[in-house]
Amino acid sequence: SAVISQKPSRDICQRGTSLTIQCQVDSQVTMMFWYRQQPGQSLTLIATANQGSEATYESGFVIDKFPISRPNLTFSTLTVSNMSPEDSSIYLCSVAPGGLYNEQFFGPGTRLTVL
Amino acid sequence: AQSVTQLDSQVPVFEEAPVELRCNYSSSVSVYLFWYVQYPNQGLQLLLKYLSGSTLVKGINGFEAEFNKSQTSFHLRKPSVHISDTAEYFCAVSAKGAQKLVFGQGTRLTINP
Numbered sequence: 003s004a005v006i007s008q009k010p011s012r013d014i015c016q017r018g019t020s021l022t023i024q025c026q027v028d029s030q031v032t033m034m035f036w037y038r039q040q041p042g043q044s045l046t047l048i049a050t051a052n053q054g055s056e057a058t059y060e061s062g063f064v065i066d067k068f069p070i071s072r073p074n075l076t077f078s079t080l081t082v083s084n085m086s087p088e089d090s091s092i093y094l095c096s097v098a099p100g101g102l103y104n105e106q107f108f109g110p111g112t113r114l115t116v117l
Numbered sequence: 003a004q005s006v007t008q009l010d011s012q013v014p015v016f017e018e019a020p021v022e023l024r025c026n027y028s029s030s031v032s033v034y035l036f037w038y039v040q041y042p043n044q045g046l047q048l049l050l051k052y053l054s055g056s057t058l059v060k061g062i063n064g065f066e067a068e069f070n071k072s073q074t075s076f077h078l079r080k081p082s083v084h085i086s087d088t089a090e091y092f093c094a095v096s097a098k099g100a101q102k103l104v105f106g107q108g109t110r111l112t113i114n115p
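First to last, the protein sequences are chains W and E. Okay, so the first sequence: first residue is 3 according to the numbering used here, each after it adds one. Okay, so the second sequence: first residue is 3 according to the numbering used here, each after it adds one.
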């Protein structure tokens with residue numbers, strides 16, 4: 003298993019600004035994932051962030067809007083850039099320590115409200 | 003590509019009653035299947051998973067699920083629910099050998115006293 007923390011836990015931001023969300027894991031993992039959960043919706047994968055390589059973005063998500071850093075095996079950041087009210091969501095990071103079986107462990111999430 | 007359909011968006015039940023949350027998936031390749039639970043204002047927690055072997059999988063908190071390949075289903079059951087089971091439940095699928103998890107829309111389980 004893995005214990006994951008995220009900062010901040012919640013934030014209220016103004017339109018047009020950017021917010022960087024941090025994800026810290028208590029063990030080294032190769033694969034980290036960032037998800038978005040819009041109000042009342044399911045989770046949608048934004049990107050996969052493997053250490054030592056560029057993040058891989060899913061359809062509908064672009065690096066300019068959601069830049070990701072993965073400087074080491076225990077840490078990652080997701081930035082939500084030039085925010086609009088439509089970006090109001092919960093953002094979650096997860097890890098797959100087992101790799102092959104895709105059992106993912108999730109952080110508590112960052113609840114973002116954009117005014 | 004994989005997809006997941008959770009047939010019920012909300013399921014209200016009385017405490018100590020049995021419950022079944024339905025999940026159907028679509029995939030052209032073999033899959034792994036998961037159920038996650040999200041308690042209010044918390045992240046997701048793995049309830050159980052099917053990787054291979056026995057089609058009846060037991061998880062935490064008294065939940066179990068049965069993989070039915072012919073019906074492409076992975077329904078979640080609990081014989082007697084408690085107030086503390088009130089949460090959102092997500093079914094998820096991934097193709098064997100792939101990294102990506104695809105989630106269903108979620109089922110909100112509400113337990114009434």
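Because the hints were derived from the structure by calculation, they are not lab data. Honestly, I wouldn't trust all of these hints.
Claimed, not checked - Only pairs whose alpha carbons sit at most 30 Å apart, straight line, appear in this in silico DSSO-like list of lysine-lysine:
id	chain 1	residue 1	chain 2	residue 2
1	W	Lys9	E	Lys102
2	E	Lys102	E	Lys60
3	E	Lys71	W	Lys67
4	W	Lys9	W	Lys67
5	W	Lys9	E	Lys60
As the list claims (entries may be wrong) - Now the in silico label distances, taken between C-beta atoms and shown as ranges:
id	chain 1	residue 1	chain 2	residue 2	range
6	E	Ile85	W	Thr22	21 to 31 Å
7	E	Pro20	W	Lys67	36 to 46 Å
8	W	Leu75	E	Lys102	26 to 36 Å
9	E	Lys98	W	Ser7	24 to 34 Å
10	W	Ser29	E	Lys102	29 to 39 Å
11	W	Arg12	E	Thr112	36 to 46 Å
12	W	Asn74	E	Ile85	17 to 27 Å
13	E	Gly64	W	Gln16	42 to 52 Å
14	W	Ser11	E	Ser32	32 to 42 Å
15	W	Glu88	E	Glu66	33 to 43 Å
16	E	Ser30	W	Thr115	17 to 27 Å
17	E	Pro42	W	Glu60	25 to 35 Å
18	W	Gln24	E	Thr57	38 to 48 Å
19	E	Ser11	W	Asn74	13 to 23 Å
Treat the numbers as computed from the prediction; the structure is a model and nothing was measured. Yeah, the Cβ is synthetic: ideal placement off N, Cα and C, and Gly gets one too.
Evaluated hints:
Restraint check for W/Lys9 and E/Lys102: satisfied, since their Cα atoms lie roughly 24 Å apart, inside the 30 Å limit. The hinted pair formed by E/Lys102 and E/Lys60 meets the criterion: a straight-line CA distance of about 23 Å does not exceed 30 Å. Taking the CA atoms of E/Lys71 and W/Lys67, the gap is near 39 Å; set against the 30 Å cutoff, the hint is violated. Distance hint between W/Lys9 and W/Lys67 is fulfilled; the C-alpha atoms sit about 19 Å from each other, no more than 30 Å.
In summary, the hint linking W/Lys9 to E/Lys60 is not supported, as the alpha carbons are separated by about 33 Å, beyond the 30 Å threshold. At about 38 Å, the beta-carbon gap between E/Ile85 and W/Thr22 misses the expected band of 21 to 31 Å. Here the CB-CB span from E/Pro20 to W/Lys67 is close to 45 Å, well matched to the stated 36 to 46 Å. Checked against the given bound of 26 to 36 Å, the beta carbons of W/Leu75 and E/Lys102, roughly 20 Å apart, lie outside it.
At about 31 Å, the beta-carbon gap between E/Lys98 and W/Ser7 stays in the expected band of 24 to 34 Å. A beta carbon spacing of about 22 Å between W/Ser29 and E/Lys102 contradicts the range 29 to 39 Å that was offered as a hint. Distance hint check for W/Arg12 and E/Thr112: the Cβ-Cβ separation is about 24 Å, which falls outside the suggested range of 36 to 46 Å. At about 42 Å, the CB distance of W/Asn74 to E/Ile85 disagrees with the hint of 17 to 27 Å.
Between E/Gly64 and W/Gln16 the beta carbon distance is about 46 Å. The supplied range of 42 to 52 Å therefore holds. Take W/Ser11 and E/Ser32: their Cβ atoms lie about 38 Å apart, and the range 32 to 42 Å holds. For W/Glu88 and E/Glu66, the hinted distance range of 33 to 43 Å is satisfied, since their beta carbons lie about 39 Å from each other. At about 39 Å, the CB distance of E/Ser30 to W/Thr115 disagrees with the hint of 17 to 27 Å.
At about 27 Å, the beta-carbon gap between E/Pro42 and W/Glu60 stays in the expected band of 25 to 35 Å. Hint check: W/Gln24 to E/Thr57, Cβ distance near 40 Å, so the stated range 38 to 48 Å holds. Between E/Ser11 and W/Asn74, the C-beta spacing of about 40 Å breaks the proposed range 13 to 23 Å.
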